[in-house]
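*Asks:* My request is simple: use the sequences and hints to build the entire structure.
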Amino acid sequence: MAERHFKVWRGDAGGGQFEEYEVEVEDGMVVLDALHRIQAHQANDLAIRWNCKAGKCGSCSMEINGKPKLACMNRLSDYPEDFTIVVQPIKAFPLIKDLVTDVAWNYEQNKRIEPFTPRPRGADGEHRMMQDDIERVQEFRKCIECFLCQDVCHVLRDQDRKDAFAGPRFMIRAASLDMHPLDTADRIPALKEELGVGMCNITKCCTEVCPEHIKITDNGIIPLKERVVSRYYDPLMILLRKLKGLFGGT
Amino acid sequence: MDDPSEIQTFEHDVLVIGAGGAGLRAAIECAKLGYDTGLVCKSLLGKAHTVMAEGGMAAAMGNMDERDNWKIHFRDTMRGGKFLNQWRMAELHARQAPDRVRELEEWGAVFDRTETGLIHQRNFGGHRYPRLAHVGDRTGLELIRTLQDHAVHQDNITVHMECKVVDLVKDGDRVSGAVAVWRDWGRFVNFKAKAVILATGGGGRAWSVTSNSWEYSGDGYAMAYAAGAELMDIEFTQFHPTGMVWPPSVKGILVTEGVRGDGGILKNSEGERFMFNYIPERFASETADSEEEANRWLAGDKAARRPPELLTRDVVAKAIRAEVEAGRGSPHGGAFLDIASRVPAEEIKRKLPSMYHQFKELAQVDITQQPMEVGPTLHYFMGGIRVDHDSQETAVPGLFACGECAAGMHGANRLGGNSLSDLLVFGRLAGVGADAYIKAQTGAPVFDQVQADAALKRTTDILNREEGTNPFLLHEELQEIMQEHVGIVREKAELEAGIEKLQALKLAVEKVKAAGASQYNAGWHEAIDLSSLVITAEAAARAALLREESRGAHTRLDFEDEREEWGQVNIVVGKDGAGEMSVRKEQRPEPPTELSGIARASLEDLEGSTDG
Chain X
1 MAERHFKVWR GDAGGGQFEE YEVEVEDGMV VLDALHRIQA HQANDLAIRW
51 NCKAGKCGSC SMEINGKPKL ACMNRLSDYP EDFTIVVQPI KAFPLIKDLV
101 TDVAWNYEQN KRIEPFTPRP RGADGEHRMM QDDIERVQEF RKCIECFLCQ
151 DVCHVLRDQD RKDAFAGPRF MIRAASLDMH PLDTADRIPA LKEELGVGMC
201 NITKCCTEVC PEHIKITDNG IIPLKERVVS RYYDPLMILL RKLKGLFGGT
Chain D
1 MDDPSEIQTF EHDVLVIGAG GAGLRAAIEC AKLGYDTGLV CKSLLGKAHT
51 VMAEGGMAAA MGNMDERDNW KIHFRDTMRG GKFLNQWRMA ELHARQAPDR
101 VRELEEWGAV FDRTETGLIH QRNFGGHRYP RLAHVGDRTG LELIRTLQDH
151 AVHQDNITVH MECKVVDLVK DGDRVSGAVA VWRDWGRFVN FKAKAVILAT
201 GGGGRAWSVT SNSWEYSGDG YAMAYAAGAE LMDIEFTQFH PTGMVWPPSV
251 KGILVTEGVR GDGGILKNSE GERFMFNYIP ERFASETADS EEEANRWLAG
301 DKAARRPPEL LTRDVVAKAI RAEVEAGRGS PHGGAFLDIA SRVPAEEIKR
351 KLPSMYHQFK ELAQVDITQQ PMEVGPTLHY FMGGIRVDHD SQETAVPGLF
401 ACGECAAGMH GANRLGGNSL SDLLVFGRLA GVGADAYIKA QTGAPVFDQV
451 QADAALKRTT DILNREEGTN PFLLHEELQE IMQEHVGIVR EKAELEAGIE
501 KLQALKLAVE KVKAAGASQY NAGWHEAIDL SSLVITAEAA ARAALLREES
551 RGAHTRLDFE DEREEWGQVN IVVGKDGAGE MSVRKEQRPE PPTELSGIAR
601 ASLEDLEGST DG
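Quick note, the sequences are listed as chains X and D, same order.
Oh and the first sequence: position 93 is 93 in my numbering, straight run, nothing missing.
Oh and the second sequence: position 367 is 367 in my numbering, straight run, nothing missing.
It is worth saying that the hints were derived from the structure and are not from the lab.
Predicted, not measured: the structure shown is a model, and the values here were computed from it.
Glycine included, C-beta positions come from ideal geometry on N, C-alpha and C.
Just to be clear, a hint being listed does not mean it is correct.
What the hints assert, rightly or not - 20 Å max Cα-Cα, derived DMTMM-like pairs, lysine to aspartate or glutamate:
hint	chain 1	residue 1	chain 2	residue 2
1	D	Lys360	X	Asp78
2	D	Lys349	X	Asp132
3	X	Lys67	D	Glu361
4	X	Lys91	D	Glu281
5	X	Lys67	X	Glu81
6	D	Lys318	D	Glu281
7	X	Lys111	D	Asp36
8	D	Lys251	X	Asp132
Claimed, not checked - Beta-carbon label-pair distances, calculated as ranges:
hint	chain 1	residue 1	chain 2	residue 2	range
9	X	Glu208	D	His153	30 to 36 Å
10	X	Glu135	D	Glu607	30 to 36 Å
11	X	Asp163	D	Glu115	17 to 23 Å
12	X	Glu26	D	Thr114	42 to 48 Å
*Replies:* Next comes the structure, spelled out in structure tokens:
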């Protein structure tokens, strides 16, 4: 069994520092395994959030050597043997302790998005949708809510404009509803105003870190921006709406 | 110890403990019935083990084969459960599952579709027809996210995240609430409630090779047991046949049965497709007896019988174990699961994206090119808290249980796909049961602060005592005991030795010590869960010792085969007058004639049946 060197952030909102650990490692281990080993043998109170250990629940988001990742899917063999693996909490959210941050803000955003509002069922009691028509939405629904996209979003992380932008995760959530073939609600005004789709400046950092490889910007945010633009800023549409208003149309 | 004045208090009509599929569905039902509902989860919302469910949810909608109906689903469930299922629960489940699937669709779930735009259904072990509504191989994520999104928009549901309930509180016989600790900040909280619904899942973390996450520590079993409820059939622990076996760090992680449902086959080290050698008599007439016939089935020939890889999980798990024992295992002690040579690469990636990803990233195996190595992993508890079959109420008035933590529905072995539908059907029914209970009560129950304080003290003692054992090491010890003594095959002397070791471990757990402060302290959380785990482990071991036969997931080397007399009894675990664990046999009531007739009918009699 080989040993590997780790630096892990320890501390809470009041402050902290990196602690160094030597960990016995074996073939096939991921960063989360090494952290569990530290927890079991060297630091029982080390705070880590984790659940499924298979990249399906999105709990163990952290920054590993500066990159936002799921610790359960990051193999130690991805790094040279003598390389120090540095682990710290995600930065866009307030620290609770060690590698755990307070992500409650994200859960508040979901409540602000108008829920799914389906059209009535067909005469036979069924909803019919073609596979081709739902594939875009299914891509968005792969999201495991790891919030790594929220972590790297410049608007949330660097500008701290959580007041103005719900973040890439919730753009994808809104897109999954807005592009749902059965849905009838209109979320475009909310996307323009309180959810703040215009704040995204399309640097695509969110897409790069998505462990589910969802094309967040290209397939989700940009089409939403286009919907907002064609509703509010298309001169022809503005003229048509005015005319409708003048002649009492709805 | 915290100053009691710092303890928060919440008052709800109904408190739901656990926010996987069952807890979420129960909370939604309570909210719909007008109750102020508290929903407590140990993790963040949406991370419960439901998220790991892959294959799909079973419901006889008949979208793929119109011969399917609830009676055949019921029959499959009873046969899979070796007739030890609670008859009425299996009936309610089979009848109501299709409505629960449609309801999910109504709340926004996006299931894969058939060519005519209906919900697509896939084949799975033990199910006669393609019956599992699914989204690729990530159906659990779809289910939990749909319920989560629906629940957070209900005004009368309050979600309490990262909150661990340490004990229930009673007013006389009836339940009156619970005491919990916020895992993030380490403070305590009292929940006052008129009814409590347990939806805490199973106890797989008592074994070392398990598909379960850290949360599955049997909290519901331990709390219900302590409060005076009974546990039933808890010896039936399902070893899913296909867990990953390599690398060591991912040993036990689930490989969906959907791989076999979509054409994957099992081979031994000699390249033999060995499942043909393990077809039980009960299923012989409905199982292909040659590769040629199995291949015709895969090609869609409706006259062909199902391949033996789709036999029930207990059968497949034991077959893999037998091959390994006979020296025909894979290099890391499992069997080869091969879909690469059976299905085109693009189709594998489309139908099983998460398996493709999981093997590629964790084992560096490309499943479109190479076989997977798989072996049995502790996956699911068929048994659990004994409930009334209609109301889901336990022996403690006002205390309900649903989902994996409840007993009855699955008997001695659960069919794949019946869990997700179980969560929805019985989650909803627990809400309905709580409603009836609350309406029949006069006066709100009294919350006894003395009981709450005692639970709080027990919990903080772990931090406050001067010295004690490392909780992580105790947990490892427990897992080794259960893996060795209460494993996939069992026998008297092994079980007795295991129970003895558990007694010693119990004493150590009483003196466990967590270092550090109460704020997000992993060692403390581990230590708190240990007390639930040891009760769960002991109950499973004692029940396994008492059941002297082999049935479904419970295999005794010293008592081979099913024995008719044991098919007539359930094993019930409870707390006796002296506070000790008692284990007893209890005669099962006569099955309802109509249901018994359906369970034993021929398929021809039931196909196309529309009545009832």
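*Asks:* So, for every hint listed, does it hold in this structure?
*Replies:* Do the hints match the structure? See the list:
1. Lys360/D x Asp78/X: Cα-Cα ~13 Å, so holds.
2. Lys349/D x Asp132/X: It holds: about 16 Å lies between the C-alpha atoms, which stays within 20 Å.
3. Lys67/X x Glu361/D: Holds, because 17 Å separates the two Cα atoms, which is no more than 20 Å.
4. Lys91/X x Glu281/D: With Cα atoms ~60 Å apart, Lys91/X and Glu281/D exceed 20 Å; violated.
5. Lys67/X x Glu81/X: holds, 18 Å
6. Lys318/D x Glu281/D: holds, 15 Å
7. Lys111/X x Asp36/D: Distance ~18 Å between Lys111/X and Asp36/D Cα, so the pair holds.
8. Lys251/D x Asp132/X: Since the Cα atoms of Lys251/D and Asp132/X sit roughly 37 Å apart, the hinted pair is violated (cutoff 20 Å).
9. Glu208/X x His153/D: 30 to 36 Å: Because 31 Å falls inside the window, the suggested range holds.
10. Glu135/X x Glu607/D: 30 to 36 Å: Once the Cβ atoms are compared, 34 Å apart, the range 30 to 36 Å for Glu607/D and Glu135/X holds.
11. Asp163/X x Glu115/D: 17 to 23 Å: violated, 47 Å
12. Glu26/X x Thr114/D: 42 to 48 Å: holds, 46 Å
The structure fails to meet hints 4, 8 and 11 from the earlier list, while all remaining hints are met.
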